[in-house]
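For this one, chain A is given, so just place chain B on it according to the hints.
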Amino acid sequence: MTTILEIKDLHKRFKKVSAVNGVSFAIKQGTCFGLLGPNGAGKTTTIEMIEGITEPTSGEILYKGISQNPAFKDEAGIQFQSTALMDFLTVIEVLELFAGFYKNPQDINTLVERCYLSEFLHQPAAKLSGGQRQRVLLAIALINNPEIIFLDEPTTGLDPQSRRNFWHLINDIKKSGKTIVLTTHYMDEAQSLCDELVIVDKGKIIAQGSPKNLLKEHFGISYICLRDGDLSPEHLEKFEQVETKSDEIILVSKHLEQSLQELINCGANLSSLQIRNPTLDDLFLKITGHSLRE
Amino acid sequence: MKRILSLFLARNKEYYRDRASLIWSFVMPPLIIAVVALAFSRGDQPLFKVGILGDQTPAWELLQQPSIQLVYYNDQDKALQKVRYHQIDLLLDNAKQEFWANPNSQKSTVVEELLANQGITTWQKDEIIGDKIRYVDWAIPGIISMNLMFSSLFGIGYVIVRYRKNGVLKRLQASPIRPIEFLTAQVLSRLIIMILVSTLVFVVADFVLNFVMLGSYFDLFIVGVTGMLSLLSLGLIVASRLASEELANGILNMFAFPMMLLSEIWFSLDGAPEWMSGFSELLPLTHMVQAARAIMLDGASLVDVSDHLLILGIMTIVFMTISTSLFKWRES
Numbered sequence: 001m002t003t004i005l006e007i008k009d010l011h012k013r014f015k016k017v018s019a020v021n022g023v024s025f026a027i028k029q030g031t032c033f034g035l036l037g038p039n040g041a042g043k044t045t046t047i048e049m050i051e052g053i054t055e056p057t058s059g060e061i062l063y064k065g066i067s068q069n070p071a072f073k074d075e076a077g078i079q080f081q082s083t084a085l086m087d088f089l090t091v092i093e094v095l096e097l098f099a100g101f102y103k104n105p106q107d108i109n110t111l112v113e114r115c116y117l118s119e120f121l122h123q124p125a126a127k128l129s130g131g132q133r134q135r136v137l138l139a140i141a142l143i144n145n146p147e148i149i150f151l152d153e154p155t156t157g158l159d160p161q162s163r164r165n166f167w168h169l170i171n172d173i174k175k176s177g178k179t180i181v182l183t184t185h186y187m188d189e190a191q192s193l194c195d196e197l198v199i200v201d202k203g204k205i206i207a208q209g210s211p212k213n214l215l216k217e218h219f220g221i222s223y224i225c226l227r228d229g230d231l232s233p234e235h236l237e238k239f240e241q242v243e244t245k246s247d248e249i250i251l252v253s254k255h256l257e258q259s260l261q262e263l264i265n266c267g268a269n270l271s272s273l274q275i276r277n278p279t280l281d282d283l284f285l286k287i288t289g290h291s292l293r294e
Numbered sequence: 001m002k003r004i005l006s007l008f009l010a011r012n013k014e015y016y017r018d019r020a021s022l023i024w025s026f027v028m029p030p031l032i033i034a035v036v037a038l039a040f041s042r043g044d045q046p047l048f049k050v051g052i053l054g055d056q057t058p059a060w061e062l063l064q065q066p067s068i069q070l071v072y073y074n075d076q077d078k079a080l081q082k083v084r085y086h087q088i089d090l091l092l093d094n095a096k097q098e099f100w101a102n103p104n105s106q107k108s109t110v111v112e113e114l115l116a117n118q119g120i121t122t123w124q125k126d127e128i129i130g131d132k133i134r135y136v137d138w139a140i141p142g143i144i145s146m147n148l149m150f151s152s153l154f155g156i157g158y159v160i161v162r163y164r165k166n167g168v169l170k171r172l173q174a175s176p177i178r179p180i181e182f183l184t185a186q187v188l189s190r191l192i193i194m195i196l197v198s199t200l201v202f203v204v205a206d207f208v209l210n211f212v213m214l215g216s217y218f219d220l221f222i223v224g225v226t227g228m229l230s231l232l233s234l235g236l237i238v239a240s241r242l243a244s245e246e247l248a249n250g251i252l253n254m255f256a257f258p259m260m261l262l263s264e265i266w267f268s269l270d271g272a273p274e275w276m277s278g279f280s281e282l283l284p285l286t287h288m289v290q291a292a293r294a295i296m297l298d299g300a301s302l303v304d305v306s307d308h309l310l311i312l313g314i315m316t317i318v319f320m321t322i323s324t325s326l327f328k329w330r331e332s
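Chains as they are written, first to last, in the working numbering: chain A, 1 to 294; chain B, 1 to 332.
Among these hints, one or two may not hold up.
Stretches of chain A that chain B covers, calculated by requiring three or more beta carbons in the stretch to come under 8 Å of a beta carbon on chain B [said to hold, decoys possible]:
#, region
1, 64-78
2, 81-87
3, 99-105
If you're looking for bench data, these hints aren't it; they were derived computationally from the structure.
By construction, the Cβ of each residue, glycine as well, lies at the ideal position given by its N, Cα and C atoms.
One chain only, chain A, in its complex shape (with noise of 0.2 Å):
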């Protein structure tokens, strides 16, 4: 797969205030890439300066191998964290005015059915529900048909089954061989969609791979977690790690089978017994000492 974005070196300064030190990743043609990380960790910062939005204080940022590529406003799509629209335009309306912007853009129906926009094409724009509001947004980031699509934390302020829904538009879109860059404080968002990530915090670049690849390379370990009194205080010494929550018992196990044996013999009540996974937000809490969203 060619490299369609390589960042290098990257710096960004406000003031006194240093939002972005020395990111460097490259993204392949054709992923999801995923910047992760807290409120405040130079994400945003980091794909304004891609987007040409913010100008960088240092680096360099190539696309298709060009700096400052003549190309890339017609051919990326953008989705920005905080966006209002036009007063008193519906929605129909704001596609065409977007549309009227790009020499070839997409057909307008085409987009309309695969964001889900027909039940309220006719509303004012600025008057609709959260979830209604990102389809539109995305829908505008899409009209250029872009080859590389940057979505800003585009599920913040959704409910659950908003998220879900707009998951799934995300994964359609990957379907269709587009790049697409997300920034999201969401691990579950992170990874479920991206094929490679860079764990940002405090403007560097903290943890790089595939959600897979770091999980394996940073663990190898699954938690057990039981409800409190569950099991005796004189038999936890048995177990290798163990971390106690008010009212929760997380125990470390390196052989699951093992520890699972273990909990039997010493009779502990396994009725609410819960095994889980290490996720990107241990994974952050085990680098960082902090969780992401603190």
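Frame of chain A, contents of chain B only:
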């Protein structure tokens, strides 16, 4: 061109769907005109105005009375127009011992009689005949121009600042639209809307008040468009970087109020201090009003008002250059 057209059409739709602004645009100017027409429909101003050609005032005691206001002119043609339309009651040229009166003006006759025992009877008398121009006739070009000024400054300035504040401009920045295309579409949309609105207001006001129109409608149209372009580009300067509607409102008012007071909309600056007249000449609205008034009341042609058109044209180029070079999609 396709991009400008898309933005132009979108902005027009937004305008006519914004009912509050739309109603305001149509209701405000006729309301002001009606108030002015009513307020000045009865009786004349009690003050006599005597024009002095050059700077030599006759040493007549009566001219020192506070009931007589002296207005000085260097331009004889301009001063004679004032006599013709009853805007001054008499014009005196002390150097030539000559004076001009308007036999159709009772006030002109009264002032002449009052000055008879001061020695005016020995001067050469000339007559300038013309009917009185009502205050509303005099004020109409100013009121319509003032409405265009508010519509230009606030109509374009406010919308762009709001677009910047809520992120619409940021979204446009990410598209292939260039600033000059965006600004051109905004100016064109506003210009067309204002032409339509002011034409309608003009026609309705003319039907009701039957005001004086001695010049050509085409010439008046050219003056209106030139004036609007200069005011729109002034509004663009204010809108070039701000993202706060409150601050934009304050700055726009800072431009609008001096123009409303000093651009001869409500009263002539004849006899006003020199610094005030000088300052007034720096305001685009002054040139727009003076040119429109010359066309409507004096029957002036475009050549006659070419000095005003030239100044408005230069102002437009300067303001547009400043605004496009200052323009930022996002707040600095």
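Here's how the hints hold up against the structure:
{"no.": "1", "hint": "64-78", "result": "holds (count 4)"}
{"no.": "2", "hint": "81-87", "result": "holds (count 6)"}
{"no.": "3", "hint": "99-105", "result": "holds (count 4)"}
Consistency note: the structure conflicts with none of the earlier hints.
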